[in-house]
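*Asks:* This is what each chain is made of:
2 protein chains.
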Amino acid sequence: MSQRIILNAFDMTCVSHQVAGTWRHPDNRAETYKDLDYWIELARLLESGGFDSLFIADVVGVYDVYRDSVETSLRDADQVPVNDPFMQISAMAAVTSHLGFGVTAALTYEQPYALARKFSTLDHLTKGRVAWNVVTSYLDSAAANMGLARQISHDERYDLADEFLDVTYKLWEGSWEDGAVVRDRERGVFTDAEKVHPISHRGHYFNVPGIHLCEPSPQRTPVIFQAGASPRGQRFAARHAEGVFVAPATIAQSAELTASIRSQAEAAGRDPAHLKIFALLTVITAASDAEAQAKYQSYRNYASGEGMLSFYGGWTGVDFSRYDPDQPLEAIDNDAIRSVLALLTKADPDRQWTPRDIIERRSIGGIGPVLVGGPQTVADALERWVDEGGVDGFNLAYAITPGTFADFISWVVPELRRRRRVQTDYGANTLRAGLLGRESPRVPDDHPAARYRGAFVNADNASDRTLASPFAA
Amino acid sequence: MSQRIILNAFDMTCVSHQVAGTWRHPDNRAETYKDLDYWIELARLLESGGFDSLFIADVVGVYDVYRDSVETSLRDADQVPVNDPFMQISAMAAVTSHLGFGVTAALTYEQPYALARKFSTLDHLTKGRVAWNVVTSYLDSAAANMGLARQISHDERYDLADEFLDVTYKLWEGSWEDGAVVRDRERGVFTDAEKVHPISHRGHYFNVPGIHLCEPSPQRTPVIFQAGASPRGQRFAARHAEGVFVAPATIAQSAELTASIRSQAEAAGRDPAHLKIFALLTVITAASDAEAQAKYQSYRNYASGEGMLSFYGGWTGVDFSRYDPDQPLEAIDNDAIRSVLALLTKADPDRQWTPRDIIERRSIGGIGPVLVGGPQTVADALERWVDEGGVDGFNLAYAITPGTFADFISWVVPELRRRRRVQTDYGANTLRAGLLGRESPRVPDDHPAARYRGAFVNADNASDRTLASPFAA
Numbered sequence: 021m022s023q024r025i026i027l028n029a030f031d032m033t034c035v036s037h038q039v040a041g042t043w044r045h046p047d048n049r050a051e052t053y054k055d056l057d058y059w060i061e062l063a064r065l066l067e068s069g070g071f072d073s074l075f076i077a078d079v080v081g082v083y084d085v086y087r088d089s090v091e092t093s094l095r096d097a098d099q100v101p102v103n104d105p106f107m108q109i110s111a112m113a114a115v116t117s118h119l120g121f122g123v124t125a126a127l128t129y130e131q132p133y134a135l136a137r138k139f140s141t142l143d144h145l146t147k148g149r150v151a152w153n154v155v156t157s158y159l160d161s162a163a164a165n166m167g168l169a170r171q172i173s174h175d176e177r178y179d180l181a182d183e184f185l186d187v188t189y190k191l192w193e194g195s196w197e198d199g200a201v202v203r204d205r206e207r208g209v210f211t212d213a214e215k216v217h218p219i220s221h222r223g224h225y226f227n228v229p230g231i232h233l234c235e236p237s238p239q240r241t242p243v244i245f246q247a248g249a250s251p252r253g254q255r256f257a258a259r260h261a262e263g264v265f266v267a268p269a270t271i272a273q274s275a276e277l278t279a280s281i282r283s284q285a286e287a288a289g290r291d292p293a294h295l296k297i298f299a300l301l302t303v304i305t306a307a308s309d310a311e312a313q314a315k316y317q318s319y320r321n322y323a324s325g326e327g328m329l330s331f332y333g334g335w336t337g338v339d340f341s342r343y344d345p346d347q348p349l350e351a352i353d354n355d356a357i358r359s360v361l362a363l364l365t366k367a368d369p370d371r372q373w374t375p376r377d378i379i380e381r382r383s384i385g386g387i388g389p390v391l392v393g394g395p396q397t398v399a400d401a402l403e404r405w406v407d408e409g410g411v412d413g414f415n416l417a418y419a420i421t422p423g424t425f426a427d428f429i430s431w432v433v434p435e436l437r438r439r440r441r442v443q444t445d446y447g448a449n450t451l452r453a454g455l456l457g458r459e460s461p462r463v464p465d466d467h468p469a470a471r472y473r474g475a476f477v478n479a480d481n482a483s484d485r486t487l488a489s490p491f492a493a
Numbered sequence: 021m022s023q024r025i026i027l028n029a030f031d032m033t034c035v036s037h038q039v040a041g042t043w044r045h046p047d048n049r050a051e052t053y054k055d056l057d058y059w060i061e062l063a064r065l066l067e068s069g070g071f072d073s074l075f076i077a078d079v080v081g082v083y084d085v086y087r088d089s090v091e092t093s094l095r096d097a098d099q100v101p102v103n104d105p106f107m108q109i110s111a112m113a114a115v116t117s118h119l120g121f122g123v124t125a126a127l128t129y130e131q132p133y134a135l136a137r138k139f140s141t142l143d144h145l146t147k148g149r150v151a152w153n154v155v156t157s158y159l160d161s162a163a164a165n166m167g168l169a170r171q172i173s174h175d176e177r178y179d180l181a182d183e184f185l186d187v188t189y190k191l192w193e194g195s196w197e198d199g200a201v202v203r204d205r206e207r208g209v210f211t212d213a214e215k216v217h218p219i220s221h222r223g224h225y226f227n228v229p230g231i232h233l234c235e236p237s238p239q240r241t242p243v244i245f246q247a248g249a250s251p252r253g254q255r256f257a258a259r260h261a262e263g264v265f266v267a268p269a270t271i272a273q274s275a276e277l278t279a280s281i282r283s284q285a286e287a288a289g290r291d292p293a294h295l296k297i298f299a300l301l302t303v304i305t306a307a308s309d310a311e312a313q314a315k316y317q318s319y320r321n322y323a324s325g326e327g328m329l330s331f332y333g334g335w336t337g338v339d340f341s342r343y344d345p346d347q348p349l350e351a352i353d354n355d356a357i358r359s360v361l362a363l364l365t366k367a368d369p370d371r372q373w374t375p376r377d378i379i380e381r382r383s384i385g386g387i388g389p390v391l392v393g394g395p396q397t398v399a400d401a402l403e404r405w406v407d408e409g410g411v412d413g414f415n416l417a418y419a420i421t422p423g424t425f426a427d428f429i430s431w432v433v434p435e436l437r438r439r440r441r442v443q444t445d446y447g448a449n450t451l452r453a454g455l456l457g458r459e460s461p462r463v464p465d466d467h468p469a470a471r472y473r474g475a476f477v478n479a480d481n482a483s484d485r486t487l488a489s490p491f492a493a
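Chains as they are written, first to last, in our numbering: chain A, 21 to 493; chain B, 21 to 493.
A portion of the hints provided could be inaccurate.
Chain copies aren't distinguished; within one or between two, either way the pair holds.
[What the hints assert, rightly or not] Heads up, simulated DMTMM-like pairs for lysine to aspartate or glutamate below, C-alpha to C-alpha not over 20 Å straight-line:
1. Lys147 to Asp55
2. Lys366 to Asp377
3. Lys215 to Asp88
4. Lys366 to Glu350
5. Lys147 to Asp370
6. Lys366 to Asp160
7. Lys147 to Glu459
8. Lys215 to Glu197
9. Lys296 to Glu435
10. Lys296 to Glu286
11. Lys366 to Glu380
12. Lys147 to Glu197
13. Lys366 to Asp355
14. Lys147 to Asp445
Please keep in mind that the hints were generated in silico from the structure rather than gathered at the bench.
Only chain A is shown next, with the shape it has when bound in the complex (with noise of 0.2 Å):
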């Protein structure tokens, strides 16, 4: 039977995603991303669908590398003004019951203590439908307004952030045992306080002595989103991520990174069939592979080079302003640079790549590849990408919004549903259970997270503190 694809939609809370300019589209409703018809539409909307999940992404500061200035960014509305990205959750979960809710949070400037509780507070609204995108940031400009000198180096942050998510898992695994709210009305207990634990973390970056402050929400850990591209990133996402996002740009580039990123997943000891790999794709489709080009050619029509620049700068901390547009990128030193280029050349090895090209190349996908045509030519590529390339799903980024999503659902879906790939009921309730293909939406015995299950137990004396009333009769 053929592999079923897992499908995610990519947007955030703000007005141009990851393309320029297209908010100047007739027919994109981007600008109202602060408005909560947009995101219950949406919510409804992908439902209908059978996606898996809607994938909110973040940043906590402003793209103002190039010309070292927020100017083109406000300009082009390229991820500024950004709204904050948990408000609107409850209010999609309410008109929905399946799609899952991956939720984008910098663990550089939060409390571990505070963002669990955050958490289980969404995972308990949304009855076991949320997921935690971790992120590190990368903004300077972020850093700077969050009380920091500057950035955290890269991988320091990513100390911290083992340590950070140790902390969280602790406190979502460890803290509660199964079964420690009782609601035992004719005894008068709620809580039995025997099987609550303090987790007494003490560790270089955070010390949280007490216990969680919520009662075990159905997934107790959301599922771990991560999007690490380096090498430590890598790591980072084999040891805890059970949904991992990548944008290689072609179908061999895709099949080489899930291979490697499943080995390192095995060497962490952890089952890969346990981490869903996501390809980064956009995809412009309609009645015909004709209509989607010329829809496609409308959008083009609408994106800005510049705004471009403007996200390439804030990615990777290249001020392109400073270099001749039609200046070669392999003259630029810059490891950052390097990386995309490599990805670049990689996708079309006898090309010179300059900052024009980027504009021109990439104006509408984004960093991740554009796909284009009707629902056969879309739907036997998406099937390559899964049988070949080893993705298990897709995030797909938007040109316009929803009416990328909208075309995909109208055009792909049905063509998808009838090879069976894609789901028409739900299999679970949980996004957990959703993606896992399981009963449970608990993280599997393999997970980092597993291991705190019970680990408190016996390190307090719970049951030595029963005391007796001093008001008593």
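The hints should help you fit chain B onto chain A, whose structure is shown.
*Replies:* Chain B in isolation, oriented as in the chain A frame:
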């Protein structure tokens, strides 16, 4: 014409908010605090009753002073487990169009740059119906888990709070000019960058150089709620608060307290009418006085005395288990106890108060008075609190939820509407405009946030920053 009474419901994302033990009452649905249905139904109910707002309390910690243990709080579910108070707001906003939402955030553990974004986001999603209940936080258990060795001292917390609010005011009021967001599709300008200004804040506690991340929301600054009772807390409220929550024991105390708050506001240069004062009350009502008394007794039967001492332990820092239950409170050498006692003895000057009396007297009203009676009795009393006690409205706590609110809306609201005291149609669409009875949703000119309007317009050379595009033809 009689003064309109402003109604606010007081709830918390936990099981037992102000009253310990009543979760066991068969009509209490408090334990469904973790389900969206509870909040959605509550919001609809309150809007049907003409309530101005729902105020959601919060603590980021546990009550563990009593017996030096969290055991009693866990057993009774006294504010633990406790979920994040922000997460369910958008689901409630989606099913209402006028009800306001006051959300508690303790600024001791937040960064102003990130918190300002949360409130701007909620103000967008609710279309101008959000308030921020500013709390400086009071539990040592919270501080310990947020990486602080101990709680910051009481008065220093208010110094930090003053600066924190200043930073958020600058972001909300001064960073984006009206008209900065132009959405000019022809010229390709979403935001006019010349109208967006960095706030360049360098202070004692915070450095925030950048621009606000969000475009202006309907209210810009959320309505500011505050509940500080100490002299320093009252000074803070006089300066910043637009809704002040007080808990006098009697109408006479209320008259004194409200006069004092209004004169402090006037001394701070504000129109005292721009400050709405809410008295904490629990109203137990039914068709008649006798039925209300019977209901009151049924709640008292479930109240937990030790739970109340656990609450008082957290509020005052005094471990009552270390004292004889019948020892007079005046013998306990503790400032917080003395101030609670001052209120108790004012209400009943001839009585000696003991720990046991707290349990007996306060069993279902938390630290606020309880009104028991049929519609006429309650409406008469509420009118006296307003006309003689000087309050603008009430912060209504529950004995059981949503039962206590539903009873109030079934029995008391119709009577108050007959007396033209409670609104039948909402006069405004935003929370601030409704509270102040004016057109504009923005802070009045005499509020400290208002001084940052336009404050940064000439602070940077925005017009000099417009550079020729390196990609111009």
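*Asks:* I'd like to know which numbered hints this structure contradicts. Please list them from smallest to largest.
*Replies:* 5, 6, 9
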